Amino acid sequence: MKFVSVTVLMLCLIAGCADQGKSPDGGGGAVELTYWPAPNPQEIQLADTLVRRWNALHPECLVRMQPIPVSQSTEEVLLAAIAGGTTPDICSNIQPGALYDFVRARGLLPLDQFPGFDSIALERAGAELLQTFRSPDGHIYQLPWKSNPVMMFYNKRLLREAGIAGPPRTFNEYLAAGRRVTKDTTGDGQTDIWMGERDIRPIWWQRLFDFYPFYIAASSGRTLFANGQLALDERAAAEVLAFFRTCYGEGIYPRTFFQAGDPFLLEMKATHFSGPWEVATIRKFAPTMDYGVAPLPVPDDVTGPVYTYGDFKNIAIFSTSQHPEKAWEFVRYLVRAEHDLLLLQLCDQIPVRTDLVTNPLFAGYFRANPVMAEFGRQLQHIRGIDTAPDLKEIFDTLSQIYEASSVYGSTEPQDAVREIVRRTNIIVEWNR
Amino acid sequence: MNGRASGLRDRFRRSNRSAYGLVLPYVIFFLAFVAYPLTFSLLLVFHRWNIVTPMEWIGLKNFTRLLEDPLFYASLLNTLVFLLLHIPLQVVVALGFALLLNSRIPGRGFFRAVYFMPVVVSGVVVTILWQQLYSFDNGLLNGMLRAVGIGPVPWLVDPRIAMPAIALMATWKNVGIYIVLFLAGLQTIPRELYDAASVDGATPARQFLHITLPMLNPTMVVIVVLSTIGGFSLFIEPYVLTGGGPMQSTLSGMLYIYNQGFYFNHMGYAATLGFVYAMIILLIVLLQRRLIGREQTA
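As they're listed, the protein sequences go chains A and B. If you want the numbering used here, it's the 1-based position in the first sequence plus 1494. If you want the numbering used here, it's the 1-based position in the second sequence plus 6.
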């Protein structure tokens, strides 16, 4: 009898402990949601501000902000969390390229099932861009939040000293400028000033800052896949490979990587391809640098607006959420216009909004930050990464072929494109 | 008689029980950490699995992919290139230092400890140190070369130089252990052989060629076998230094298996690569055993 009593008491204690922090919706206690923002200081500050305001207004639904645990990549952490069933309710650092795996693992909730999703999503992304976020099963699992377009930063002083009036607009203009800018200033036989420089190591995401945005620009906005099939614009891909091959072949780009510091911040290179986060870095480490931002150079025959890759980070709700409706309410709160303004002000990152450059709410910020206004304008012409399986390995393959053809010039661009198609199809076929 | 037999059987059973009890911990360890992973990886060879989604049976698709995978062939070739560079360098350097440390030089004990030090330092630490040495713009090696008027060498970004640079580093890291093995071998050679050769007028060079080298043959074989097995597990150095580049010239077999398994989450394909590599290593070891056996018989 005594044994039974002790056992019942223990079970009650365990049940009581297990129930803590999981008050059901109608149970009288406050609902608790967990929100994971990106782990960088600016976004943590933004998330902290927004969560404090939310919690003050909604004592019945408290949000606990916890930065994504630091790892090699957010995607690894989220996949591990899905595998372990420890995902948060909401995360605002979802890279569309990783979404395929998350959806396949049934880790996310389709957001298009929630009331008001269509109008909010259309207001942010527009119909055409929104389609690129649709998963193969027809649902949309992500709400476009911010996108950082990759553009060309240029050092005005270095271009001016080489007798170049403005940023190069085409491949030929870029190469011509490069031949004048690249030089040995100390006379020791070693080049000190370069037209550009890229990390040549075959790391898959490095191609998101050279080959891929240049390919999108050269193909006037094409991505790699269409309807689940590889749909590479082979002419544009070959032109981009040939362009970088000339840059390395003629020595206006170094075939190495520097460890002594960022060559753009050290004013050792005239151009740099990056996103708006670079503005804060320049402000901090090279405040006296005279620089500008321009669209990426394109082949001479490309007309119309210049497209580029937008490094999207979107918001998703995980299927482990006990309170999906409340989580959706919080997501709607996160993407309010005034909070997008806060994203600009605190993080120097670009919210995805169709009215970004026309809405008077943001006008003051862009007037005070004209460089950021360039990114705001570029937002109308961006593309993301396709929602396709094994994108990481496909980009890794692209990286290897780019390295062989462009950096070391060992493969002709046309052959390299054929190799991209062949090897990508092997990966896609294996995954079918 | 029957009673005596059953008593013996009981005693035997009792002693068996104790024996089973004693081996049980190891059996549990073996089942959990050897038999289970091995069986599971064999199962994986026929599946596609990214840890998160359920396993999917794909038959021999992993093997057909492997056959047309240029990176598998590249990684195999790179491993063989590494072995061809590393083993002779390892043997020559280790033997040279062992001969030096075997002679009566001052501070012999100190130098023995110093040469062994890299062996006990973590591989990652050593690799990061060499990354600084090999740095193109501010590395110590290029700084020294610049001082004598030679341009900086792109140690880790030239596909022709990167693997020799890694082989050099791996030799520096591991040479201590092979010095010790050679020293042990040298100390087993009878002094009388050298005395007799001196009396016969043999020069030190001839003594080395005709006494030291033949007498060190068994040690040499051990070192070659150990270096071969070690060479096939080349991972930390290319992982930290080059990531397998430039142009996959330093992509080793182990690094490629790791990439497929833990970078792309292709557990089934990684298991297939591991299985094929294990077969290749097994073949080489069998070949070496056969050669050694023939030598010993001869």
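Note that these hints are calculated values from the structure, not bench results. These numbers come from a predicted model, not from an experiment. A few of these clues could be false.
What the hints assert, rightly or not - Footprint (simulated), chain B over chain A, 3 or more residues, beta carbon under 8 angstroms:
1. 1571 to 1579
2. 1596 to 1602
3. 1665 to 1674
4. 1894 to 1905
What the hints assert, rightly or not - FRET-style restraints, in silico, Cβ to Cβ:
5. A:VAL1564 to B:SER128: 17 to 23 angstroms
6. B:ASN144 to A:ASN1549: 44 to 50 angstroms
7. B:LEU146 to A:ASP1795: 25 to 31 angstroms
As the list claims (entries may be wrong) - Here chain B is said to cover these stretches of chain A; the calculated rule only asks that three of the stretch's residues, wherever they fall, bring their Cβ under 8 angstroms from a Cβ of chain B:
8. 1693 to 1704
9. 1745 to 1752
Built from N, CA and C at the ideal position, the CB exists for glycine as well.
Coverage assertion for the segment 1894 to 1905 of chain A with respect to chain B, Cβ distance below 8 angstroms, three residues required | With 6 residues close enough to chain B, the hint holds.
Annotated coverage of the segment 1571 to 1579 of chain A by chain B, confirmed only when three residues or more have a Cβ within 8 angstroms | Three-residue rule met by the segment 1571 to 1579 of chain A, so holds; n is 3.
Confirm or reject the claim that LEU146 (chain B) and ASP1795 (chain A) have a C-beta distance inside 25 to 31 angstroms.
-> This hint is violated: roughly 49 angstroms between Cβ atoms.
Coverage claim, chain B over the segment 1745 to 1752 of chain A, checked by counting residues with Cβ within 8 angstroms (three needed) = holds (count 4)
If you look at each residue in the segment 1596 to 1602 of chain A, do at least three have a Cβ nearer than 8 angstroms to any Cβ of chain B?
-> holds (count 3)
Taking a Cβ-Cβ distance under 8 angstroms as contact, does the segment 1693 to 1704 of chain A have three or more residues in contact with chain B?
-> holds (count 4)
Should the hint that VAL1564 (chain A) and SER128 (chain B) are 17 to 23 angstroms apart at their CB atoms be regarded as holding?
-> Check passed, 22 angstroms falls within 17 to 23 angstroms.
Cβ distance range 44 to 50 angstroms for ASN144 (chain B) and ASN1549 (chain A), holds or violated = Taking Cβ atoms as reference, ASN144 (chain B) and ASN1549 (chain A) lie about 49 angstroms apart, which means the hint holds.
Verdict on chain B covering the segment 1665 to 1674 of chain A, where coverage means 3 or more residues with a C-beta closer than 8 angstroms = violated (count 0)
Comparing the model with each earlier hint shows violations of hints 3, 7; every other hint is respected.
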